[in-house]
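*Asks:* Take the UniProt record's numbering: the final residue in the sequence shown is number 609, and no numbers are missing along the way.
Some hints here could point you the wrong way.
As the list claims (entries may be wrong) - Taking lysine-lysine and the DSSO-like style, the derived pairs with C-alpha atoms no more than 27 Å apart in a straight line are:
#, residue 1, residue 2
1, K395, K510
2, K368, K563
3, K271, K74
4, K191, K330
5, K97, K11
6, K17, K99
7, K97, K17
8, K93, K74
9, K15, K113
10, K113, K17
Hints in this document: simulated from the structure, not taken from any laboratory.
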Amino acid sequence: MEERSNKSSRKCTRKQKRAQHRLVRDMDVECSEEPTQYLAVCNAGLVTGLKRESFERFVADVVPNHQLTMPPGKSYCFVDFFTVERSTSFYEKVHGKLKVPEQNTVFYLLYIKTIPCSEESLGSDLPPGLRLLTDFVSPEEEAALLQSIDWDEEEGTVQVTVFKCYPIVAFPADSADSELKHRKVKHFGYKFRYDNNLVDVDDPIGPIPKDYEFLQALFEKHGCGNHKYDQITVNRYLPGQGIPPHVDTHSVFEDPILSLSLGSACVMDFKRGDKKIALDLPARSLLIMSGEARYAWSHGICPRHNDNVQTSSGFSTRSRATRLSFTFRKVHRGDCECRYGEYCDSQRSSVPAEITPIDGSIASELEKSCVHGVYEEISSHFNETRHKQWPNVAKFIESIETGGLLLDVGCGNGKYLHGQPDVFKMGCDRSAGLAGICRSRGFQVTLADCLQLPYKSRTFDAVLCIAVIHHLSTGERRKQAVAEIMRILRASGRALVYVWAKEQNKDSEKSTYLKFNANKKNDSSANEKTQQLRTLANNLTLPVHENRTEFTHSDMLVPWKRKGGGDFLRFYHVFESGELEELCSDLPDTEIERVYYDQGNWCVVLRKL
1 MEERSNKSSR KCTRKQKRAQ HRLVRDMDVE CSEEPTQYLA VCNAGLVTGL
51 KRESFERFVA DVVPNHQLTM PPGKSYCFVD FFTVERSTSF YEKVHGKLKV
101 PEQNTVFYLL YIKTIPCSEE SLGSDLPPGL RLLTDFVSPE EEAALLQSID
151 WDEEEGTVQV TVFKCYPIVA FPADSADSEL KHRKVKHFGY KFRYDNNLVD
201 VDDPIGPIPK DYEFLQALFE KHGCGNHKYD QITVNRYLPG QGIPPHVDTH
251 SVFEDPILSL SLGSACVMDF KRGDKKIALD LPARSLLIMS GEARYAWSHG
301 ICPRHNDNVQ TSSGFSTRSR ATRLSFTFRK VHRGDCECRY GEYCDSQRSS
351 VPAEITPIDG SIASELEKSC VHGVYEEISS HFNETRHKQW PNVAKFIESI
401 ETGGLLLDVG CGNGKYLHGQ PDVFKMGCDR SAGLAGICRS RGFQVTLADC
451 LQLPYKSRTF DAVLCIAVIH HLSTGERRKQ AVAEIMRILR ASGRALVYVW
501 AKEQNKDSEK STYLKFNANK KNDSSANEKT QQLRTLANNL TLPVHENRTE
551 FTHSDMLVPW KRKGGGDFLR FYHVFESGEL EELCSDLPDT EIERVYYDQG
601 NWCVVLRKL
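All chains, full assembly: derive it from the sequences and hints.
*Replies:* See the structure below:
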């Protein structure tokens with residue numbers, strides 16, 4: 001019994017220490033070793049799905065008289081008990097003992113010196129040109145519209161999956177992916193093509209049902225544009241589904257665009273530059289996007305099961321239900337002549353697109369959509385393609401002394417974690433899907449970000465980082481990843497880092513990557529083609545690489561075709577000769593032991609001084 005109690009106590013302490021670092025980093029919250037009237041709830045907040053109402057009842061049942069603060073977008077919250085006696089009483093009764101309401105985990109608490117002012121209003125200042133009309137249709141009209149769509153009818157119904165770093169991609173009907181990864185869509189009037197984000201104005205489809213004509217009268221009554229809308233897209237969103245930020249193609253549709261929400265409320269996110277606005281769309285409301293809001297602000301829905309919403313007592317969590325959105329558009333013929341040229345497909349197409357340099361302000365978002373999000377989608381297929389250990393990596397593992405502790409940063413499916421039984425191996429990966437595959441094989445793997453490794457300094461005898469940091473989009477972030485590796489190495493510990501090389505043809509010999517493409521007549525043929533560019537969120541434009549050919553740029557999007565359906569683009573920074581060595585050259589307490597080229601990869605062995 002005493003051993004179990006000690007183990008629980010150590011776990012609580014670990015949880016508290018991790019939370020301390022997070023609170024300081026996120027909100028500059030200072031913790032207190034002595035009891036105060038303020039408590040931080042370390043592991044429960046709006047992001048974890050904690051509902052304000054149920055937590056208010058829970059706290060009141062334990063210790064009455066308190067004030068709750070729940071910061072939006074955070075996995076923790078704060079409670080002011082007004083006296084040290086009440087906060088101490090709550091701490092002693094709850095910390096590490098009682099479970100979070102509706103969740104299978106106990107509370108972890110911390111005393112803090114003050115509670116930050118953090119709760120902000122939701123949708124207080126709308127983008128210019130954006131209007132929201134609540135109760136636009138009656139409950140009876142809503143019910144009729146919901147019943148009018150037959151999702152089992154194949155005609156006019158498509159199933160799509162979406163990501164921010166490539167166009168919406170159609171999937172075959174027999175795709176083995178779960179329903180949550182797709183949303184069903186129906187079109188009337190004209191079909192929206194997800195392969196190019198356009199409509200074929202010369203190829204109309206089934207007409208708009210007569211049952212929807214009453215909506216046109218409502219649009220005219222409320223001044224929703226001067227058009228008779230001739231194209232409708234109906235999206236069905238199940239809880240957990242969303243759509244990435246996007247601006248509707250300028251040249252295809254007139255201004256404004258209307259969106260009617262039915263069945264369930266939902267929070268929609270709007271963004272232009274560094275301006276971000278979250279707007280709650282109630283069921284039966286009509287959203288009108290005109291002018292700047294239509295042409296220059298992106299709009300999207302985060303895929304999640306709950307939304308953070310503002311109530312009379314502050315922010316809370318609201319569960320999503322099935323939502324249908326009816327989007328009404330008027331098809332436009334000809335070029336767009338709006339004054340938002342930087343967002344306009346007509347005006348951008350008049351000059352060749354330029355590749356955009358990547359800066360720190362968009363790096364995290366780029367990696368989230370074009371690296372982390374993609375690997376979650378392709379993890380199963382990726383696992384099927386990665387089995388054999390690279391010989392020089394295997395030799396490095398063999399060189400570790402008996403009883404040594406090895407960490408594989410970005411371990412993927414764990415192909416370097418098996419074998420060599422006299423070395424204790426651990427792994428970490430940013431992908432929950434790949435980490436799950438490793439755990440199913442009995443490997444010790446943690447979900448972690450290579451930019452902030454969750455390990456103590458000077459812990460490991462050796463570290464692997466194979467084909468990882470080339471997914472980081474700025475030099476500062478790549479350097480930070482290597483610095484983290486060196487931090488966790490013990491004195492005299494060694495690290496092996498592999499990155500993809502821009503030079504895939506070295507010393508007149510093709511890399512395995514190029515040799516694999518036996519059907520190509522020559523490598524230059526691909527480079528002679530017009531370079532395909534892709535414009536992502538934040539107006540970032542990057543070249544798309546043609547697989548199994550020489551790299552033409554350092555920063556590129558590399559396609560992945562998933563088994564069973566789906567095309568994906570992963571971000572890569574391919575390293576030029578000397579670049580990896582330069583990146584590591586001025587790291588503190590670091591010696592470059594060896595630099596070499598291995599089958600299309602630049603490699604470096606580092607030693608901790």
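*Asks:* May I ask which of the numbered hints given earlier this structure violates, with the numbers listed in increasing order?
*Replies:* none
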